[in-house]
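Engineer: Chain by chain, the residues:
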Amino acid sequence: MVIISLWALQNHLDLLEYNRQEILSGEIWRIWTGHLVHTNMSHFALNILAAIIIYLTFFMKIKPVELLLNSFLFATLISLMLLSIYPDLDWYNGLSGLLHALLIHFSARLAKNERTIFWAILLAVWIKVLNETMHLYSGYKNLVGDMLVISEAHLIGTIFGTITALICMAGYQEKSKQKTQINESKIN
Amino acid sequence: MKTSISKIYVVSIATLFLTSCTSYFSHESRRGVSSSLVDYLYPDGQIPKKHEETMPHLRLPIKVGLAFVPSQRGGSISLPEAKKSQLLEGVKKKFSGLNYVKEIKIIPETYMRSSKGFEGVGQIARLYGLDIVALVSYDQVIFTSEMKSSVLYWTIVGAYLIKGNQNQATTFIDTAVFDVNSRKMLFRAPGVSDIKKSSTLMQVSQVSNKTKEMGFKLAMTDMSSNLANELSRFKEKIKNDKSVKITLRQGYGGGGGIQWPLLLILAGLSILKITKR
Numbered sequence: 046m047v048i049i050s051l052w053a054l055q056n057h058l059d060l061l062e063y064n065r066q067e068i069l070s071g072e073i074w075r076i077w078t079g080h081l082v083h084t085n086m087s088h089f090a091l092n093i094l095a096a097i098i099i100y101l102t103f104f105m106k107i108k109p110v111e112l113l114l115n116s117f118l119f120a121t122l123i124s125l126m127l128l129s130i131y132p133d134l135d136w137y138n139g140l141s142g143l144l145h146a147l148l149i150h151f152s153a154r155l156a157k158n159e160r161t162i163f164w165a166i167l168l169a170v171w172i173k174v175l176n177e178t179m180h181l182y183s184g185y186k187n188l189v190g191d192m193l194v195i196s197e198a199h200l201i202g203t204i205f206g207t208i209t210a211l212i213c214m215a216g217y218q219e220k221s222k223q224k225t226q227i228n229e230s231k232i233n
Numbered sequence: 079m080k081t082s083i084s085k086i087y088v089v090s091i092a093t094l095f096l097t098s099c100t101s102y103f104s105h106e107s108r109r110g111v112s113s114s115l116v117d118y119l120y121p122d123g124q125i126p127k128k129h130e131e132t133m134p135h136l137r138l139p140i141k142v143g144l145a146f147v148p149s150q151r152g153g154s155i156s157l158p159e160a161k162k163s164q165l166l167e168g169v170k171k172k173f174s175g176l177n178y179v180k181e182i183k184i185i186p187e188t189y190m191r192s193s194k195g196f197e198g199v200g201q202i203a204r205l206y207g208l209d210i211v212a213l214v215s216y217d218q219v220i221f222t223s224e225m226k227s228s229v230l231y232w233t234i235v236g237a238y239l240i241k242g243n244q245n246q247a248t249t250f251i252d253t254a255v256f257d258v259n260s261r262k263m264l265f266r267a268p269g270v271s272d273i274k275k276s277s278t279l280m281q282v283s284q285v286s287n288k289t290k291e292m293g294f295k296l297a298m299t300d301m302s303s304n305l306a307n308e309l310s311r312f313k314e315k316i317k318n319d320k321s322v323k324i325t326l327r328q329g330y331g332g333g334g335g336i337q338w339p340l341l342l343i344l345a346g347l348s349i350l351k352i353t354k355r
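Here the protein sequences come in this chain order: A and B. Heads up, the first sequence is in my numbering, so the first residue is 46 and it goes up one at a time. Heads up, the second sequence is in my numbering, so the first residue is 79 and it goes up one at a time.
Check the hints yourself; a few may be wrong.
[Unchecked claim] Once the Cα atoms are required to be at most 27 Å apart in a straight line, the calculated DSS-like pairs of lysine-lysine come out as:
{"#": "1", "chain 1": "A", "residue 1": "173", "chain 2": "B", "residue 2": "171"}
{"#": "2", "chain 1": "B", "residue 1": "351", "chain 2": "A", "residue 2": "157"}
{"#": "3", "chain 1": "B", "residue 1": "313", "chain 2": "B", "residue 2": "183"}
{"#": "4", "chain 1": "B", "residue 1": "180", "chain 2": "B", "residue 2": "317"}
{"#": "5", "chain 1": "B", "residue 1": "180", "chain 2": "A", "residue 2": "173"}
{"#": "6", "chain 1": "B", "residue 1": "262", "chain 2": "B", "residue 2": "320"}
{"#": "7", "chain 1": "A", "residue 1": "224", "chain 2": "A", "residue 2": "108"}
{"#": "8", "chain 1": "B", "residue 1": "141", "chain 2": "B", "residue 2": "180"}
{"#": "9", "chain 1": "B", "residue 1": "170", "chain 2": "B", "residue 2": "180"}
{"#": "10", "chain 1": "B", "residue 1": "170", "chain 2": "B", "residue 2": "315"}
{"#": "11", "chain 1": "B", "residue 1": "323", "chain 2": "B", "residue 2": "170"}
{"#": "12", "chain 1": "B", "residue 1": "183", "chain 2": "B", "residue 2": "141"}
{"#": "13", "chain 1": "B", "residue 1": "183", "chain 2": "B", "residue 2": "170"}
{"#": "14", "chain 1": "B", "residue 1": "274", "chain 2": "B", "residue 2": "241"}
{"#": "15", "chain 1": "B", "residue 1": "226", "chain 2": "B", "residue 2": "275"}
{"#": "16", "chain 1": "B", "residue 1": "274", "chain 2": "B", "residue 2": "161"}
{"#": "17", "chain 1": "A", "residue 1": "106", "chain 2": "A", "residue 2": "173"}
{"#": "18", "chain 1": "A", "residue 1": "106", "chain 2": "B", "residue 2": "354"}
{"#": "19", "chain 1": "B", "residue 1": "320", "chain 2": "B", "residue 2": "141"}
{"#": "20", "chain 1": "A", "residue 1": "157", "chain 2": "B", "residue 2": "354"}
{"#": "21", "chain 1": "A", "residue 1": "173", "chain 2": "B", "residue 2": "354"}
{"#": "22", "chain 1": "B", "residue 1": "295", "chain 2": "B", "residue 2": "275"}
{"#": "23", "chain 1": "B", "residue 1": "354", "chain 2": "A", "residue 2": "108"}
{"#": "24", "chain 1": "B", "residue 1": "351", "chain 2": "A", "residue 2": "106"}
{"#": "25", "chain 1": "B", "residue 1": "313", "chain 2": "B", "residue 2": "141"}
{"#": "26", "chain 1": "B", "residue 1": "313", "chain 2": "B", "residue 2": "323"}
{"#": "27", "chain 1": "A", "residue 1": "222", "chain 2": "A", "residue 2": "108"}
{"#": "28", "chain 1": "B", "residue 1": "141", "chain 2": "B", "residue 2": "323"}
{"#": "29", "chain 1": "B", "residue 1": "320", "chain 2": "B", "residue 2": "180"}
{"#": "30", "chain 1": "B", "residue 1": "172", "chain 2": "A", "residue 2": "173"}
{"#": "31", "chain 1": "A", "residue 1": "108", "chain 2": "B", "residue 2": "351"}
{"#": "32", "chain 1": "B", "residue 1": "262", "chain 2": "B", "residue 2": "180"}
{"#": "33", "chain 1": "B", "residue 1": "180", "chain 2": "B", "residue 2": "295"}
{"#": "34", "chain 1": "B", "residue 1": "317", "chain 2": "B", "residue 2": "172"}
{"#": "35", "chain 1": "A", "residue 1": "173", "chain 2": "B", "residue 2": "351"}
{"#": "36", "chain 1": "B", "residue 1": "313", "chain 2": "A", "residue 2": "173"}
[Stated by the list, open to error] Far from chain A, by Cβ distances over 12 Å, these chain B residues were calculated:
{"#": "37", "residue": "204"}
{"#": "38", "residue": "227"}
{"#": "39", "residue": "261"}
{"#": "40", "residue": "262"}
Worth flagging that the hints you see were computed from the coordinates, not collected in a lab. For glycine and all other residues, C-beta sits at the position ideal for the given N, C-alpha and C.
The task is simple: from the sequences and hints, build the whole structure.
Structural biologist: Right under this line is the structure:
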């Protein structure tokens with residue numbers, strides 16, 4: 046159902062993608078919808094395939110509401126960062142920036158239960174993103190077919206995914222400390 | 079009288095055969111082909127105009143033209159147009175991934191021949207919409223000589239079986255990159271190669287041609303790697319001395335795409351997770 050909806054959105058690429066000029070002139074929905082549309086069929090297929098693998102194998106345990114809320118937050122943060130620090134970026138579309146953020150965020154949070162697999166994901170994604178960024182800053186383009194890959198979105202997503210996961214983990218630790226303190230005081 | 083005439087006849091026939099044999103076996107030659115950048119940019123002994131202090135202005139991403147400077151001599155042994163385009167395609171591939179390069183166009187030599195000088199380069203640049211032009215000039219000398227083993231050519235069969243000829247190609251290639259508007263040279267990169275190949279007498283022209291092509295190919299590869307080094311040096315230089323003005327022509331755009339390597343890693347990890355359950 047979700048895939049069909051995303052596929053249907055493809056027909057309205059011009060209206061929905063991140064477009065700097067249009068966002069600045071008031072079309073703010075593009076901040077979120079830009080992450081849902083794709084440049085072409087292969088771009089769409091690759092991102093959807095990755096989303097399916099990630100969801101079915103790693104994040105089935107996560108509540109859909111939490112997933113949606115996090116998606117909304119990361120889409121906002123990524124778009125706003127692109128707007129503020131990459132003024133030359135005229136247009137952007139695709140799910141991958143968001144996928145990087147979600148993957149890193151939930152992997153970091155789940156790493157305490159199933160350490161090996163989620164630490165491996167964290168490591169793999171960070172290595173991939175750093176390699177991509179180094180490649181970009183040494184003057185080369187990252188391409189998928191003819192399409193230029195905006196690796197900046199991946200880097201921003203990964204950074205925000207890590208930061209928010211660390212904040213969440215710190216929050217959980219604080220909560221569990223408070224719980225143990227309450228329990229101890231009850232016992233005393 | 080009759081005997082002396084017949085003697086003269088025999089001697090002249092023998093001389094004729096012997097000299098023809100000598101010319102048949104002696105196969106030493108030196109040929110060359112070259113193109114000069116200075117002669118191309120300043121044809122007919124033109125004197126360069128007084129140097130003006132104009133700062134090159136590059137609007138990124140740039141459009142680059144890549145062309146061989148037409149040869150002046152040795153036209154018959156020059157590489158065919160198709161081979162030259164093929165060599166330039168190799169250079170183009172190496173630099174087509176750069177994010178500050180919008181497009182690299184290969185300019186056919188026939189276009190380059192039609193007009194010379196900076197005016198000619200300007201016309202071509204306008205035609206293709208180029209910002210900078212990389213002009214490849216070259217100098218190649220092909221030397222074919224006989225080795226000691228070539229004495230066996232006298233056995234006739236030896237000419238087919240013994241590799242008594244040495245074919246050597248010394249190639250020098252130079253790429254100079256110019257800003258079209260300011261006519262200033264931004265940087266240059268050389269490439270050299272020196273290869274030798276032995277052959278039988280019967281294969282001389284065939285091997286010599288191969289050596290010539292191989293010489294160009296190796297020199298172009300050498301030049302490409304030097305060009306990459308010069309390019310990074312140029313990037314550092316303009317950051318420090320501000321000798322070139324850089325502005326962004328327009329914004330860019332693209333998609334956020336998961337690429338195959340990450341997808342494969344994720345698939346591998348998911349299989350690992352499923353098998354662990």
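Engineer: Hints first: check each against the structure and report whether it holds.
Structural biologist: Here is what the structure says about each hint:
no. : hint           : verdict
1   : A/173 to B/171 : holds (24 Å)
2   : B/351 to A/157 : holds (15 Å)
3   : B/313 to B/183 : holds (21 Å)
4   : B/180 to B/317 : holds (20 Å)
5   : B/180 to A/173 : holds (25 Å)
6   : B/262 to B/320 : holds (15 Å)
7   : A/224 to A/108 : holds (23 Å)
8   : B/141 to B/180 : holds (5 Å)
9   : B/170 to B/180 : holds (12 Å)
10  : B/170 to B/315 : holds (23 Å)
11  : B/323 to B/170 : holds (24 Å)
12  : B/183 to B/141 : holds (8 Å)
13  : B/183 to B/170 : holds (8 Å)
14  : B/274 to B/241 : holds (13 Å)
15  : B/226 to B/275 : holds (15 Å)
16  : B/274 to B/161 : holds (20 Å)
17  : A/106 to A/173 : holds (26 Å)
18  : A/106 to B/354 : holds (17 Å)
19  : B/320 to B/141 : holds (21 Å)
20  : A/157 to B/354 : holds (17 Å)
21  : A/173 to B/354 : holds (25 Å)
22  : B/295 to B/275 : holds (15 Å)
23  : B/354 to A/108 : holds (23 Å)
24  : B/351 to A/106 : holds (14 Å)
25  : B/313 to B/141 : holds (17 Å)
26  : B/313 to B/323 : holds (12 Å)
27  : A/222 to A/108 : holds (24 Å)
28  : B/141 to B/323 : holds (16 Å)
29  : B/320 to B/180 : holds (22 Å)
30  : B/172 to A/173 : holds (23 Å)
31  : A/108 to B/351 : holds (20 Å)
32  : B/262 to B/180 : holds (21 Å)
33  : B/180 to B/295 : holds (26 Å)
34  : B/317 to B/172 : holds (23 Å)
35  : A/173 to B/351 : holds (21 Å)
36  : B/313 to A/173 : holds (26 Å)
37  : 204            : holds (26 Å)
38  : 227            : holds (51 Å)
39  : 261            : holds (25 Å)
40  : 262            : holds (22 Å)
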